[in-house]
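**Student:** First to last, the sequence lines map onto chains A and B. Be aware that the first sequence starts at 1, since it is given in the numbering used here, and climbs by one per residue. Be aware that the second sequence starts at 117, since it is given in the numbering used here, and climbs by one per residue.
I should point out that these hints are in silico values taken from the structure, not numbers from a laboratory. Idealized CB from N, CA, C, for every residue including glycine. The reader is advised that the hints may include incorrect statements.
In silico DSBU-like links for lysine-lysine, alpha-carbon gap of 30 angstroms or less [to be verified]: (1) A/Lys58 / B/Lys117; (2) A/Lys58 / A/Lys68; (3) B/Lys173 / A/Lys69; (4) B/Lys173 / B/Lys129; (5) A/Lys58 / A/Lys69.
Label-pair distances were calculated between CB atoms; the ranges are [stated by the list, open to error]: (6) B/Gln160 / A/His82: 27 to 37 angstroms; (7) A/Ser3 / B/Arg226: 18 to 28 angstroms; (8) B/Thr136 / A/Ser84: 14 to 24 angstroms; (9) A/Asn41 / B/Thr218: 16 to 26 angstroms; (10) B/Lys117 / A/Ser3: 37 to 47 angstroms; (11) B/Leu230 / A/Glu66: 23 to 33 angstroms; (12) A/Pro40 / B/Thr136: 22 to 32 angstroms; (13) A/Gln42 / B/Asn187: 21 to 31 angstroms.
Facing chain A, according to a computed beta carbon distance under 8 angstroms, are these residues of chain B, among others [what the hints assert, rightly or not]: (14) Ser147; (15) Ser149; (16) Thr169; (17) Arg183; (18) Leu199; (19) Gly212; (20) Glu215; (21) Gln216; (22) Gln219; (23) Gly222.
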Amino acid sequence: AQSVTQLGSHVSVSEGALVLLRCNYSSSVPPYLFWYVQYPNQGLQLLLKYTSAATLVKGINGFEAEFKKSETSFHLTKPSAHMSDAAEYFCAVSARRGSTLGRLYFGRGTQLTVWP
Amino acid sequence: KAGVTQTPRYLIKTRGQQVTLSCSPISGHRSVSWYQQTPGQGLQFLFEYFSETQRNKGNFPGRFSGRQFSNSRSEMNVSTLELGDSALYLCASSPGLAEQETQYFGPGTRLLVL
């Protein structure tokens, strides 16, 4: 079974500060991992994904995430927060087997607030 | 390439009614997945269709159903609406051939049940 835990439902940072959003996964098989962002009244937009090609994944808008198998983690970081980063962020997992094609398991989300 | 489109964007219904939501995937994508998003339960998987066949199903009652047409457009139907069905319904499309594919989401349909 696959599941994702996002630690911290709300994170607040000052503009220019480091952003760290935490995600831990549970999967009985090697996972594929995704980070999505959702702005108010919009759908989800992919930030980045891990597909085993490299453990450090770079995404859009300056975000990156590192896959750590020993810690079962896939935390999202950005060196310097911008006001436009304020949104809700979701971590998701997909398993490497055909029975879960088309299905993502999402965490509960982390609301990021950026203070001026 | 045009993105995933969903219609309508907003909908108000009363308890006991039924509703049909529509999703048009990105051209060439054969998989359409549906998710329900609520503040209490988060994002929950409803079902996924690929080439007109339901391939995966989440843990929702039979009041929730869907279908996919030969052009890959998909509809989901909720019968006998309950207050708890108020949610943002998101659909996502992908080629549908591998688990590492990106799912591309539409803007959602916000359903309010009164």
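**Student:** Starting from the hint 37 to 47 angstroms, judge whether the C-beta atoms of B/Lys117 and A/Ser3 obey it.
**Tutor:** Between B/Lys117 and A/Ser3, where Cβ atoms are some 33 angstroms apart, the hint is violated.
**Student:** Do the alpha carbons of B/Lys173 and A/Lys69 lie within 30 angstroms of each other, as the hint requires?
**Tutor:** Distance ~29 angstroms between B/Lys173 and A/Lys69 Cα, so the pair holds.
**Student:** Given a cut of 8 angstroms on the nearest C-beta pair, is the interface hint for B/Ser149 held or broken against chain A?
**Tutor:** holds (5 angstroms)
**Student:** Given the range 22 to 32 angstroms, decide if the beta-carbon distance of A/Pro40 to B/Thr136 lies inside it.
**Tutor:** holds (26 angstroms)
**Student:** Between B/Gln160 and A/His82, is the Cβ distance one that fits in 27 to 37 angstroms?
**Tutor:** Check passed, 31 angstroms falls within 27 to 37 angstroms.
**Student:** Should the hint that B/Leu199 touches chain A count as held when the rule is a Cβ pair under 8 angstroms?
**Tutor:** violated (22 angstroms)
**Student:** Let's test the interface hint: is any C-beta of chain A closer than 8 angstroms to that of B/Glu215?
**Tutor:** holds (5 angstroms)
**Student:** Can the hint on B/Gly222 be confirmed by a CB-to-CB distance to chain A that is less than 8 angstroms?
**Tutor:** This hint holds: B/Gly222 lies near chain A, its Cβ roughly 5 angstroms from the closest one there, short of 8 angstroms.
**Student:** May I ask you to test the interface hint for B/Arg183 with respect to chain A, counting a Cβ-Cβ separation under 8 angstroms as satisfied?
**Tutor:** violated (15 angstroms)
**Student:** Starting from the hint 18 to 28 angstroms, judge whether the C-beta atoms of A/Ser3 and B/Arg226 obey it.
**Tutor:** At 27 angstroms between Cβs, range holds.
**Student:** Please test the hint of 21 to 31 angstroms on the beta carbon pair from A/Gln42 and B/Asn187.
**Tutor:** Between A/Gln42 and B/Asn187, where Cβ atoms are some 25 angstroms apart, the hint holds.
**Student:** Verify the interface restraint on B/Ser147: the C-beta must sit less than 8 angstroms from at least one C-beta of chain A.
**Tutor:** holds (5 angstroms)
When each numbered hint is compared with the structure, violations occur for hints 8, 10, 11, 16, 17, 18.
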